[in-house]
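> Read off the chains here:
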Amino acid sequence: MTKQVQQLDRVIIRFAGDSGDGMQLTGDRFTAETAEFGNDLSTLPNFPAEIRAPAGTLPGVSSFQLHFADHDILTPGDAPNVLVAMNPAALKANLSDLPRGADIIANSDEFTKRNLAKVGYAESPLEDESLSEWRVHSVPLTSLTVKALEEFQISKKDAERAKNMFALGLLSWLYHRPVEATIKFIESKFAKKPDIARSNVAAFNAGWNYGETTEAFSVSYEIKPAKLAPGIYRNISGNQALAYGLIAASVQSGLPLFLGSYPITPASDILHELSKHKRFGIRTFQAEDEIAGVGAALGAAFGGALGVTTTSGPGVALKAETVGLAVTTELPLIVVDVQRAGPSTGMPTKTEQTDLLMALYGRNGESPIPVVAPSTPSDCFDIAVEAARIALKYRTPVILLSDGYLANGSEPWKLPEIDDLPDISVDFTTEVNGDDGTFLPFKRDTETLARPWAVPGTPGLEHRIGGIEKADGTGNISYDPNNHDLMVRLRQAKIDGIDVPDLEVDDPSGSARVLVLGWGSTYGPIAAAIRRVRRSGGQVAQAHLRHLSPFPKNIGEVLKSYDKVLLPEINLGQLALLLRAKFLVDIISYNRVRGLPFKAEELAGVIQDVIDSE
Amino acid sequence: MSELSVNGHQNGRGLALVPRAEGKQTLKDFKSDQEVRWCPGCGDYAILAAVQSFMPELGIKRENTVFVSGIGCSSRFPYYMNTYGFHSIHGRAPAIATGLAASRPDLSVWVITGDGDALSIGGNHLIHALRRNVNLNILLFNNRIYGLTKGQYSPTSEVGKITKSTPMGSLDRPFNPISLAIGAEAGFVARTLDSDRKHLQSVLREAAAHRGTSLVEIYQNCNIFNDGAFEMMKDPATRDAITVKLEHGQPIVFADQAVRLAPTGGVEVVPRASLREEEILVHDAHHPDPSLAFALSRLDEPAFAHVPIGIFRSVDRPSYDELMSNQLEAATAQKGRGSLTDLLHGGDTWRIS
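Respectively, the protein sequence lines represent chains E and P. Sequential numbering from 1 applies to the first sequence in my numbering. Sequential numbering from 1 applies to the second sequence in my numbering.
Wrong hints could be hidden among the right ones.
[Stated by the list, open to error] Have a look at the derived ranges for each label pair, beta carbon to beta carbon: (1) P:GLN334 with E:LYS582: 48 to 54 Å; (2) P:ALA49 with E:ALA317: 54 to 60 Å; (3) E:THR448 with P:MET168: 52 to 58 Å; (4) P:GLN334 with E:LYS560: 56 to 62 Å; (5) E:LYS560 with P:ASP33: 51 to 57 Å; (6) E:ALA317 with P:ALA262: 47 to 53 Å; (7) P:THR332 with E:LEU490: 40 to 46 Å; (8) P:GLN334 with E:GLN492: 44 to 50 Å; (9) E:THR448 with P:ALA16: 52 to 58 Å.
[What the hints assert, rightly or not] Which bits of chain E does chain P cover? Going by a derived footprint, with three or more residues having C-beta under 8 Å, they are: (10) 279 to 285; (11) 307 to 313; (12) 319 to 327; (13) 461 to 474; (14) 596 to 610.
In short, the hints are calculated from the structure, not lab data. Just so it is clear, the structure is predicted and the values come from calculations on it, not from any experiment. Yeah, the Cβ is synthetic: ideal placement off N, Cα and C, and Gly gets one too.
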């Protein structure tokens, strides 16, 4: 039988199953195959905070969405074209996101009376008419896998567990994915358990052959490689890019990296990644708590290291006092906040942009601090280098605001040329700087206002710093009112004077009257929405902030040159509040705080409404 | 073994990686130009003078010496030392010093803390520093009161302490810092007294020579809010009867008393004349099992019945910073120094031309 091959320009697939079904691994592998094939792609993992919620229940559903295309794309997609549902819970939890006509590949073996009852289905939706607006492929994935693995000396349980590889094989056939790398991956992952390795490869191949030879699927799909800029690419998640960026910052600054960290979702992967790279001279310290994590990083910075701490919102709250100490002692420090839904514990695995005001103002006293935010997973690399540049040049703590969406999402990354990375090397102070041969630890550089960084071990520059107010220049303890006023202003002036690139505006027609401004991880959905609006004839400009403190020098001018400024944020309008206060511009704030990224379609509608209201 | 070592198997490696000073240093070299601002009569003066006059004998470069403190009266200490210094946050000095010492094995790092700083707000960092065994010397100035906040009871104040915050007497039992440290299996635990410079310096000498975290509790008199807290140990009429000097390898005897193993477990004080020589407990600071050192720390129950001073425990085990450096070296030896290009190009890559 010759099967029909249909050309598509893009597809959104969502793999969904129980937390124990291996959906994240399946999604990761399909992503790797897709990256190797050369499509542009974007991913959105979505999983519960519970490691194993009760099997088969709605809270236990874990999913992985992948958008891939023959052209450059910006988001993981709004609504899946294909849902792979490994059980009734996975179907029920994701059905409302499926547009009419989408494909559902359901593991019919799991649609048992007991599993259906767990999620409140009276009848199997695979057998009644309730799914008639979708194309349902009911496939007994579990029993087909078990049957394919009959010849292997493995338990029934192990055979059943390979069903995700069967599904991966089937989807790989359906979309013409290259399979060699996946087979190699399985072999190396289970290198110590050869039976498991062989059976998983067999399950994967069986899934492929099932698509190829049975009549269950009559059409397969081709999505041509995307025409991206020439270069060498790899797929990368935000957390991995951030870790690599920190390593690059260490190399480019010539300073050893010291990470003080405490495990917290969704930031822990940065600790894990950096812990693997000790041969770069990286010291990773898993502290007893968040406070000790940042304290150790600051202690290391005092000793001349590139001090870094990585955490999420609750951790930033705990670290605030130490960050304030870094502000007043004017030591370089990088604080990475991978934001998650709050307040308090909130929703640890869900994304949000709600820590902006905490990053800017969440400390006692006048405590100015630079804040930067990456816009895409791969931008996490560049922003880490930028955070280090600012911290080292200006001797200041810097807060880097990533979030759960960037952290776990992935995209193809065109690898930078090492020679193009900025030189952020540091000259430690080694000579006295006072007129009378003394060392003045708070005598500032006239251009940057940075103070000298003299590290222990440097003869003749012994000095003391601390949290108590310092006399200008000498750094001696001072309670003099005028000195305090001066120091408060100097610390602010130093941050205000940081060299930040101008805000760039994308306005191809040059005649847009509406500007859409964003910051952080909303870049993809906003840019995708703007494409839609422009395709349908709308004129709209886009600008995206990577520097939240200080703002680019031209931001006021940009804001004032449009009739309307729309600012979508995954918070209740934190940046909008700031911009209104600082620039007296009546920002139109659009806010959703659902723990999920914006959808492009939703934003396109909002943008169109603003244009239409002109 | 370093010349600093005085006992038989003290590890003596505490300063092994710290560069030696070229010329001879004096007390004056270690005095900063800052005016000392403790209350007149404060026990801190005696400790400062003892430390300043002791530092030159370590023979290490002054610029490789760092004093890190938290918050409290004692934590002003770094400002008065002409070394590198960091006056940090209440309770957090052990954490900050840990990052410094773990990344700079060529430094001699001293933590100055008080009973409130180390045992109340910073209790968590203290116990973790002790178990982790980074190369730090922690000097805990214990005056059994909050001084800088003007006289509230502290985590080492006796039960029933009348203070501004406890007008009817405090309710919570005090920590015994020595018991706490030994409970955390600290490698080096000692106690000394602000007014006994010779003893204080001898303990500091051993603490500096010890590689790993050393905790030295220094009884320190706050003459404003808790004057005379340790008077029993200073008054010639009482001191000999309650002070138990611990010396490694020596029988534990004082005045006409001696310490022996108690039949119920633990140790007890009995009249010396009632014991045969071999029944007297011989102090073994190097015993790997901390039980006996812990039992000795309980001799001051009920409060100040007998107060052991000296080194309770001095046990050699690898320090965290050494182990951390070893891992870095092993990783590099295995696969070579990291290359950024190789790192970025690792994993699955593809070329688009």
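> Does each hint fit the structure? Answer for all of them.
Now the hints, each set against the structure:
no. : hint                               : in the structure
1   : P:GLN334 with E:LYS582: 48 to 54 Å : holds, 53 Å
2   : P:ALA49 with E:ALA317: 54 to 60 Å  : violated, 42 Å
3   : E:THR448 with P:MET168: 52 to 58 Å : holds, 57 Å
4   : P:GLN334 with E:LYS560: 56 to 62 Å : holds, 58 Å
5   : E:LYS560 with P:ASP33: 51 to 57 Å  : holds, 53 Å
6   : E:ALA317 with P:ALA262: 47 to 53 Å : holds, 49 Å
7   : P:THR332 with E:LEU490: 40 to 46 Å : holds, 42 Å
8   : P:GLN334 with E:GLN492: 44 to 50 Å : holds, 48 Å
9   : E:THR448 with P:ALA16: 52 to 58 Å  : violated, 39 Å
10  : 279 to 285                         : holds (count 6)
11  : 307 to 313                         : violated (count 1)
12  : 319 to 327                         : holds (count 3)
13  : 461 to 474                         : holds (count 8)
14  : 596 to 610                         : violated (count 0)
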